[in-house]
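Use the sequences and the hints to build the structure in full.
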Amino acid sequence: MRRTLLVAVFLVTIPVLLTGLSAAAQETIGVIRSSEGNATVTRGEKVIPAAAGTKLQAGDTLRTGPDGSLGVILRDNSTLSLGPESSFVIQKFLFSPAEGKLGLMARLSKGTMAYLSGLIGKLAPESVRFETPTASIGVRGTHFAVKTGEFASQ
Amino acid sequence: MPRRLAACIAILLLTAACATTPKAPPPSGQDVFILLPDEQGKTGSIIVSGAGGKRLLSEPRQAVTVAPGAAPGEPFVMPREEVRALVGPALAALPKPPMQFILYFKHDDIELTNESLTKVQEVVRAIRERGPVDVSVVGHTDTVGTRRYNFRLSLKRARVVAALLTEGGVAPSILSITSHGEDNPLVPTGNEVPEPRNRRVEVTVR
Numbered sequence: 001m002r003r004t005l006l007v008a009v010f011l012v013t014i015p016v017l018l019t020g021l022s023a024a025a026q027e028t029i030g031v032i033r034s035s036e037g038n039a040t041v042t043r044g045e046k047v048i049p050a051a052a053g054t055k056l057q058a059g060d061t062l063r064t065g066p067d068g069s070l071g072v073i074l075r076d077n078s079t080l081s082l083g084p085e086s087s088f089v090i091q092k093f094l095f096s097p098a099e100g101k102l103g104l105m106a107r108l109s110k111g112t113m114a115y116l117s118g119l120i121g122k123l124a125p126e127s128v129r130f131e132t133p134t135a136s137i138g139v140r141g142t143h144f145a146v147k148t149g150e151f152a153s154q
Numbered sequence: 155m156p157r158r159l160a161a162c163i164a165i166l167l168l169t170a171a172c173a174t175t176p177k178a179p180p181p182s183g184q185d186v187f188i189l190l191p192d193e194q195g196k197t198g199s200i201i202v203s204g205a206g207g208k209r210l211l212s213e214p215r216q217a218v219t220v221a222p223g224a225a226p227g228e229p230f231v232m233p234r235e236e237v238r239a240l241v242g243p244a245l246a247a248l249p250k251p252p253m254q255f256i257l258y259f260k261h262d263d264i265e266l267t268n269e270s271l272t273k274v275q276e277v278v279r280a281i282r283e284r285g286p287v288d289v290s291v292v293g294h295t296d297t298v299g300t301r302r303y304n305f306r307l308s309l310k311r312a313r314v315v316a317a318l319l320t321e322g323g324v325a326p327s328i329l330s331i332t333s334h335g336e337d338n339p340l341v342p343t344g345n346e347v348p349e350p351r352n353r354r355v356e357v358t359v360r
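Taken in order, these protein sequences are the chains called A and B. All letters in the first sequence, in the order written, are residues 1 to 154 by this note's numbering. All letters in the second sequence, in the order written, are residues 155 to 360 by this note's numbering.
Bear in mind the hints are in silico, worked out from the structure with no lab data behind them. As the structure is a computational prediction, the values presented were derived from the model and not from experiment. Treat the hints loosely; a few may be bogus.
Derived list of chain A stretches under chain B, where covered just means 3 residues or more per stretch with a C-beta under 8 Å from a C-beta of chain B [as the list claims (entries may be wrong)]:
1. 31-45
2. 74-81
Chain A stretches covered by chain B per the calculated footprint, using a threshold of three residues with CB under 8 Å from any CB of chain B [what the hints assert, rightly or not]:
3. 91-100
4. 123-134
Beta carbons: idealized from backbone N, C-alpha and C, even for Gly.
Printed below as a string of structure tokens:
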């Protein structure tokens with residue numbers, strides 16, 4: 001009798017957990033604070049204009065045109081920006097300090113970027129990593145900028 | 155005559171080399187990484203890893219270049235003007251760091267301290283003045299009590315602050331409420347340590 005009850009509880013909880021998980025996957029990880037010139041967010045197949053206020057999700061690719069730039073604030077209070085002719089993807093963003101889930105992984109494949117670290121960088125600096133076509137960056141502290149080489153502009 | 159000309163050119167090249175700063179601008183076929191001081195003038199450090207090598211940058215405007223498939227080169231300090239020329243527009247687009255307010259609570263309670271209660275109006279004003287914003291309201295506790303209990307307590311604290319902001323005219327749609335329990339203390343302590351500075355809600359205006 002008790003076992004059936006347990007099974008019933010499981011059957012009810014599993015779908016709840018699953019919907020919880022898929023909701024987490026769509027979670028907002030940050031917001032575009034400023035946008036100049038031609039700038040877009042590519043999410044899956046969709047390309048949306050990157051305007052101030054546009055909410056970002058993990059996996060989004062940010063692109064700027066020849067006159068474009070973007071300023072972004074992530075949920076952990078880190079800030080990042082792109083200069084013109086840039087392409088940048090936030091591959092992973094985890095910010096749940098209560099569960100010890102922290103991490104930021106991003107890749108600049110083209111152009112220029114700047115970054116100022118926030119809480120993830122303070123609580124778990126080893127979990128912050130940026131990549132470019134030639135190298136990866138481990139961030140032990142706060143502020144840096146990157147420009148990729150011309151070879152990357154294909 | 156041709157020899158003399160060659161000698162002249164050699165001297166010219168040498169003096170030109172001496173006149174310029176020791177390091178030529180990085181070749182355009184390489185990625186450039188530049189460590190910068192933050193707003194408070196503090197410089198952290200980054201580690202740049204390329205194929206078969208890594209470099210630590212720890213000085214203001216220290217930079218390193220990396221060619222495809224190569225180890226990072228020798229770090230050097232980049233002149234300000236060159237930093238601007240390379241990454242100026244990106245630096246100009248970097249948003250101001252968010253504004254943060256900390257409101258404190260009474261022990262094991264969802265009631266704000268008197269001082270913090272008056273500060274709520276300041277927060278409301280800042281939200282109005284900054285224009286279109288996102289506001290996160292994050293509850294915290296000290297380490298007295300179980301982790302689970304504190305997670306709930308800090309959620310209640312966050313909701314109290316959110317309600318006060320809404321009363322002050324802030325649209326509920328721009329508020330996001332989170333609970334960090336005892337895991338993100340302002341002042342690190344051992345377990346079961348009463349610490350007024352950790353009983354708080356942090357309101358961040360972005």
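Structure-based check of each hint:
1. Interface restraint, the segment 31-45 of chain A with chain B: holds (4 residues with C-beta to C-beta distance below 8 Å; minimum three).
2. With a threshold of 8 Å between beta carbons, the proposed coverage of the segment 74-81 of chain A by chain B holds, since 5 of its residues qualify and at least three are required.
3. Using a Cβ-Cβ cut-off of 8 Å, 3 residues of the segment 91-100 of chain A lie near chain B, which meets the minimum of three, so the contact claim holds.
4. Look at the segment 123-134 of chain A against chain B: 4 of its residues bring a Cβ nearer than 8 Å to a Cβ of that chain, three or more, so the hint holds.
In terms of the numbered hints stated before, the structure departs from none.
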